[in-house]
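Engineer: What follows is the residue order along each chain.
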Amino acid sequence: MNNHDTSARRLVLAIAVGIGVCGCATTDQLSQARQFSTAAAALATATNQAFTEINDANSEYKMSEVALGRAELTPDTLSGVLDKNNRLKARQDILNALGKYATALNGLATADTTTAIDKAATDLSGSVSSLGSGYQTLTGHSLGVSRGDLAVIATAVKALGEAYANEKRYEAIKSIVPTADKWVQTVCADLASDLKSSPGTYQTDLQSKYVADFEAYRAEQAGLSYSAKLARLESLRSETRALAVADTSISKVADSALALAKAHGALSSSLTRPDYKIGDLVDAIGQLQQYATDIKTFNDSLKK
Amino acid sequence: MNDIVTLLNAIIQAINTLLLNNTDPAVDAKLWKLRNVFTALRDTAMGKIYDKTTGDYVAAQKGLTTAAKAANDAIDGVNAVATAMQPLITAAQAADKVIGLLNLVL
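Top to bottom, those sequences are chains A and B.
When the letters of the first sequence are read in order and numbered with numbering that gives the first Met the number 0, they come out as residues 0 to 303.
When the letters of the second sequence are read in order and numbered with numbering that gives the first Met the number 0, they come out as residues 0 to 105.
Pulled out of the complex, with its shape left as it was, chain A reads as follows (with noise of 0.2 Å):
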C-alpha cells in the first residue's frame, strides 16, 4: 500500500466519521430540544395553574369574611389578586407565552407538514411578541426584540421550506433558540424574584379562609349532627395539610422559571458550541421534567 492510499484511506474514514458525529449530534440535540420543549410546555401550564390557585385563594378567603358576616359583600370580594393587579396578570401571560413558545419549538423539530411547519412559525412570532409585551407590562422596560431578531426566527422558519430533514429542523432550532435565549433568561429571573419577593402571600390567604372555616364551625357545631361534624373537621384538616407546603409549593413554583431558563440557556450552549457537553443539557432537561412534574403533583393534591 503506497502512501496515496493512505492517506486517501485516511481521509475517507475522517469524512465518514464526522458525517457520523454530525449525524448524531443533530440527532440528539434535535431530541433535546424535543424534550426540553415538552417538559417546559408542561412547566408553564402546570405553574399557571398554580397562579390560578394563588388567584382563588385570595377570592376564596374574602368570601369566607362575607360568609362570616365579618366583611361586607362588595364587586372585589369575587375577585381574586390576579384579576385585579396587572402586574401579576402579566406575570400569568408571560408564563403563557413561554408555554406556548415551548409547544411551537417542540412543533418545529415534529413537524412533518407544511401546514404544522407553518403553525409553528405563526406561534413562535406570536410566542415571542407575547413575551416582549408581557415583560413591558410588568416591568415597564422593554424586553429588546427587535424586528432584526424577528426576521432571524423567520428567516429560520422560512429555510425549513417543504423540507423536513432533520438537519434542516436543527440548523432552523440552531437559529431560534440562541436568539431567543436572552429574552427567556431575563423574564424566567423575573419571574423567579417576583415569585421569591413576597413569601407568604398565598400561605396567609390560605390561613385566613381556614381561621374563618374554624370561627364557623365553632359556632355552628352544636347544631350538627355526628357525620356532618366529622366531615367538617376533616375538611379543617384537609385545609392544615395545604397550610403546611403552601410556601414550600409556591418556592418551587419560582425554582421551576429558573429551572426553565437554565435548561433553554443549556440547549442554546449544546447548539452553539462545539465543546459543550450534552451530558449537561440532559441533566438540566431532567431537572425541569422533575419540577414539572413535582408542581403538576402540587397541582393535583389541591383538586382532592
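Possibly wrong hints are sitting among the right ones.
Derived pair list, reagent style DSS-like, types lysine-lysine, alpha-carbon separation capped at 25 Å [claimed, not checked]:
hint, chain 1, residue 1, chain 2, residue 2
1, B, K68, B, K32
2, B, K61, B, K29
3, A, K195, A, K88
4, A, K276, A, K181
5, A, K181, A, K251
6, A, K88, B, K47
7, A, K181, A, K157
8, B, K68, A, K195
9, A, K99, A, K167
10, A, K251, B, K47
11, A, K88, A, K157
12, A, K88, B, K51
13, A, K251, A, K88
14, A, K181, A, K195
15, A, K195, B, K61
16, A, K157, A, K99
17, B, K32, A, K195
18, A, K195, B, K51
Covered by chain B, per the in silico footprint, the following chain A stretches (three or more residues, Cβ under 8 Å) [said to hold, decoys possible]:
hint, segment
19, 64–72
20, 204–212
Because the hints were derived from the structure by calculation, they are not lab data.
Being a predicted model, the structure only gives us computed values, none of them experimental.
Built from N, CA and C at the ideal position, the CB exists for glycine as well.
Given the coordinates of chain A, work out where chain B should sit on it, guided by the hints.
Structural biologist: Just chain B now, with coordinates in the frame of chain A:
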C-alpha cells in the same frame, strides 16, 4: 429589613393565630377589623414597586416589624392581646401612608 408585603403577611398570619386562640368576643371583633385592614393593605401593595429609601417606607417597615413582634409576643403569652393592639394600629397607619389605600383613622 423585609419588604412591606412580607411584613404585612407576617402580621396577618399572627392575627390569624390570635383569632384561632381567642375566645373573647370583644377582642375577636377588634382582631377581625385589624385583619381586614392589613389584608386590604397587603392586597393593594402586592406587585407594586415602592421606593424603599423614603422616610415613610422605612417608618412603615419599623412599625410593621414592631407590630409583628407585639402580636407574636401575645401569641406566646408574653403580653396580653390588648397590648398588641396599639402597635398594630400604628403600623397599619404607617403602612397606609406608603400604600395610600385608606387614609386610616382607627
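Engineer: For each hint, tell me whether it holds in the structure or not.
Structural biologist: Structure-based check of each hint:
1. B/K68 with B/K32: 19 Å, holds
2. B/K61 with B/K29: 22 Å, holds
3. A/K195 with A/K88: 16 Å, holds
4. A/K276 with A/K181: Distance of about 21 Å is within 25 Å: holds.
5. A/K181 with A/K251: 23 Å, holds
6. A/K88 with B/K47: 13 Å, holds
7. A/K181 with A/K157: 22 Å, holds
8. B/K68 with A/K195: 23 Å, holds
9. A/K99 with A/K167: Distance of about 22 Å is within 25 Å: holds.
10. A/K251 with B/K47: 23 Å, holds
11. A/K88 with A/K157: Answer violated: A/K88 to A/K157 is near 33 Å, above 25 Å.
12. A/K88 with B/K51: 24 Å, holds
13. A/K251 with A/K88: 19 Å, holds
14. A/K181 with A/K195: 21 Å, holds
15. A/K195 with B/K61: 21 Å, holds
16. A/K157 with A/K99: 19 Å, holds
17. B/K32 with A/K195: The hint is violated at about 28 Å.
18. A/K195 with B/K51: Given pair A/K195, B/K51 holds - Cα atoms ~17 Å apart, limit 25 Å.
19. 64–72: holds (count 3)
20. 204–212: holds (count 4)
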